[in-house]
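Peer 1: If you read the sequences in order, they're chains A and B.
Residue numbers for the first sequence follow the working numbering, beginning at 604 and rising by one.
Residue numbers for the second sequence follow the working numbering, beginning at 16 and rising by one.
Keep in mind the hints are simulated off the structure, nothing from the lab.
Glycine is no exception: its CB is placed at the ideal position from the N, C-alpha and C atoms.
Please note that a few of the clues may not be correct.
As the list claims (entries may be wrong) - Subject to a maximum C-alpha distance of 20 Å in a straight line, what follows is the list of computed SDA-like cross-link-like pairs (lysine to any residue): (1) K80/B with R118/B; (2) K345/B with L34/B; (3) K125/B with R751/A; (4) K125/B with T166/B; (5) K125/B with A749/A; (6) K80/B with D36/B; (7) K37/B with I27/B; (8) K37/B with I87/B; (9) K80/B with L58/B; (10) K125/B with D753/A; (11) K125/B with V752/A; (12) K80/B with L47/B.
Said to hold, decoys possible - Residues of chain A placed beyond 12 Å of chain B at every Cβ, according to the derived structure: (13) H642; (14) V643; (15) A648; (16) A688; (17) G690; (18) Y696; (19) E725.
Each chain, written out:
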Amino acid sequence: MTVHSDNNRGSDPAVTQRQAAMAVLARASAADIARGLVHVSHDVAFTDARPAEIGLVMLRGRIGGGGAPFNVGEATVTRAAVQLASGETGFGYVFGRDPEKARLAALCDALWQNDARRQPIEDHVIAPLRQQQQERRALAQAQTAATRVDFFTLVRGEDER
Amino acid sequence: MYVAVKGGERAIDNAHALLADKRRGDRNVPELSLDQIDNQLALGVDRVMCEGSLYDRELAALAIKQARGDMIEAIFLLRAYRTTLPRFGASEPIDTGAMDIRRRISATFKDLPGGQVLGPTFDYTHRLLDHTLTADSDVAPAATAPADEATFRSVADLLAGSGLIEGEAEATGDVGDLTREPLSFPAGRDLRLQNLARGDEGFLLALAYSTQRGFGRNHPFAGEIRYGEVEIEFFAEDAGFAVPLGAIAITECQMVNQFTGSATQAPRFTRGYGISFGQSERKSMAMALVDRALRARELGEEAGSPAQDEEFVLSHSDNVQATGFVEHLKLPHYVDFQAELGLLRKLQAEFFERGTEIPMQDAAE
Chain A
604 MTVHSDNNRG SDPAVTQRQA AMAVLARASA ADIARGLVHV SHDVAFTDAR PAEIGLVMLR
664 GRIGGGGAPF NVGEATVTRA AVQLASGETG FGYVFGRDPE KARLAALCDA LWQNDARRQP
724 IEDHVIAPLR QQQQERRALA QAQTAATRVD FFTLVRGEDE R
Chain B
16 MYVAVKGGER AIDNAHALLA DKRRGDRNVP ELSLDQIDNQ LALGVDRVMC EGSLYDRELA
76 ALAIKQARGD MIEAIFLLRA YRTTLPRFGA SEPIDTGAMD IRRRISATFK DLPGGQVLGP
136 TFDYTHRLLD HTLTADSDVA PAATAPADEA TFRSVADLLA GSGLIEGEAE ATGDVGDLTR
196 EPLSFPAGRD LRLQNLARGD EGFLLALAYS TQRGFGRNHP FAGEIRYGEV EIEFFAEDAG
256 FAVPLGAIAI TECQMVNQFT GSATQAPRFT RGYGISFGQS ERKSMAMALV DRALRARELG
316 EEAGSPAQDE EFVLSHSDNV QATGFVEHLK LPHYVDFQAE LGLLRKLQAE FFERGTEIPM
376 QDAAE
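Using the sequences and the accompanying hints, generate a full structural model.
Peer 2: So this is what it looks like as structure tokens:
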């Protein structure tokens, strides 16, 4: 298995945006994706280019956090691919074992590549999910921040800096 | 001599039905849901994922329920499940520096960029049983505070910046995988870390403790422990780029240990590394201590203690293998035992024929 770390990052802004949309989909539930997708995909024709399949991905760490890679352990991943009648192929690779989620993520990815569908996908699916995820993350970060230790004044949770 | 190979089927079926009955327990008590196990026994789920070497919270919760809370049995179930699935490949290496931090502490620097955040920890609790938990508890939401966009720069980076700690070697060649090829010795550090990452927490904890008590002392400091979420990417051949799979929770421990140096190399701190799924702090710390102990030869240290013995540590760390061999002793060994009995009777007969006085009056069979 080769290491691909440096050959796919920051090269193509379109890929970066697509990855950002995929990242939001990967963190969402199938039901949440479906809820947004009904506003976009009611008239879309597509086929399953790769039926959903459950498998494993070996998760790699780095020795010492920054050194050579090593295998930490595996995770369940479900993948699927769909092809629109207009030709675009979308991919869904998501943690877990939910075939419907992988298929919906692939459909969103395919639609995202279609010039006429990208904005509706961003507006109805990605944006609300991103907002929901940012809110969850902000809450977790705020709760974490409340446990910050201040060795100078022994006051915490207020008077930040 | 006899071999019992038939006749146990009904007993086994009924034993399994009884097991299912006992697993469910008193029908008047509500049944556990997987969500309840995932949420309220979250650290147990973390441990099963870690030693089961499979990140899937729902499956780990299911395994704990099926195993009636027997963690090693649950780990075994997860290991067995993973063998049924194809592997799509390996992820891009996790960037722990980009972690969305939920806890980060250092025992070496009190002021460090990003500060110290305790997160959800048992540390500083009084370890007094909380009897209010015997009834349904009404827990207030956790406190919040403004979260500045501090980056949590790692302690290892800080020390490396001033040349006080050893660097990590760059990647060379393929990454070893002990799930594909049996371990052989000496093992590279990649394989050692993979073995430790799925190793039994209790075994590693005891070994780590032994190094602190003098059996392979290396004078450790918890340079940094961080726990939080990391995004994982996977290079998908069909897509042609690295796709984000989602986020997982991990714990990372950087141990800072006493010095090494040479005629050409200034003395500097050495390192031990631990990483685990979920919030598994004790496991990560123990792993880092044992990782460092296993580097004894590489660092030119005297290596005579158990924790420094690579073959001893790596061959006995896996609790699924260990339980398999220990527990197999309860399976029928009737033929083996009959052979032993036969041999013993023969030895006794020879002993008595020699006419020596009988030391035990009741030595008859």
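Peer 1: All the hints need checking, so say for each whether the structure fits it.
Peer 2: Hint check:
Distance restraint check for K80/B and R118/B: the Cα-Cα separation of roughly 29 Å exceeds the 20 Å cut-off, and the hinted pair is therefore not satisfied. Of the pairs offered as hints, the one joining K345/B and L34/B holds, with about 18 Å between alpha carbons and a cut-off of 20 Å not exceeded. With a CA separation close to 12 Å, the supplied pair K125/B and R751/A stays within the 20 Å bound. For the proposed pair K125/B and T166/B, the alpha carbon gap of about 16 Å is at most 20 Å, so the pair holds.
A threshold of 20 Å between alpha carbons decides the hint, and for K125/B with A749/A the separation of about 17 Å falls inside it, so the pair holds. Distance restraint check for K80/B and D36/B: the Cα-Cα separation of roughly 13 Å lies within the 20 Å cut-off, and the hinted pair is therefore satisfied. Restraint check for K37/B and I27/B: satisfied, since their Cα atoms lie roughly 15 Å apart, inside the 20 Å limit. Between K37/B and I87/B, the direct Cα distance comes to roughly 18 Å. Compliance with the 20 Å bound is thereby established for this hinted pair.
Using a Cα cut-off of 20 Å, the hinted pair K80/B and L58/B holds, with the two alpha carbons roughly 14 Å apart. Note on K125/B and D753/A: the hinted pairing holds, with a Cα-Cα distance of about 9 Å set against a maximum of 20 Å. Under the criterion of a C-alpha separation no larger than 20 Å, the hint pairing K125/B with V752/A is consistent with the structure, at around 9 Å. In summary, the hint linking K80/B to L47/B is supported, as the alpha carbons are separated by about 8 Å, within the 20 Å threshold.
No beta-carbon of chain B is positioned within 12 Å of the beta-carbon of H642/A; the least distance is around 24 Å. Against the 12 Å criterion, V643/A stays outside the reach of chain B, whose nearest CB is about 21 Å from its own CB. With a least beta-carbon separation of about 21 Å from chain B, A648/A lies farther than 12 Å from that chain, consistent with its non-interface assignment. The beta carbon of A688/A is kept farther than 12 Å from every beta carbon of chain B, the shortest such distance being approximately 19 Å.
Against the 12 Å criterion, G690/A stays outside the reach of chain B, whose nearest CB is about 15 Å from its own CB. For Y696/A, the shortest C-beta to C-beta distance to chain B comes to about 5 Å, within the 12 Å cut-off, and the non-interface label is violated. Here E725/A stays apart from chain B, with its beta-carbon at least about 16 Å from theirs, past the 12 Å limit.
Checked against the numbered hints above, the structure breaks hints 1 and 18 and satisfies the rest.
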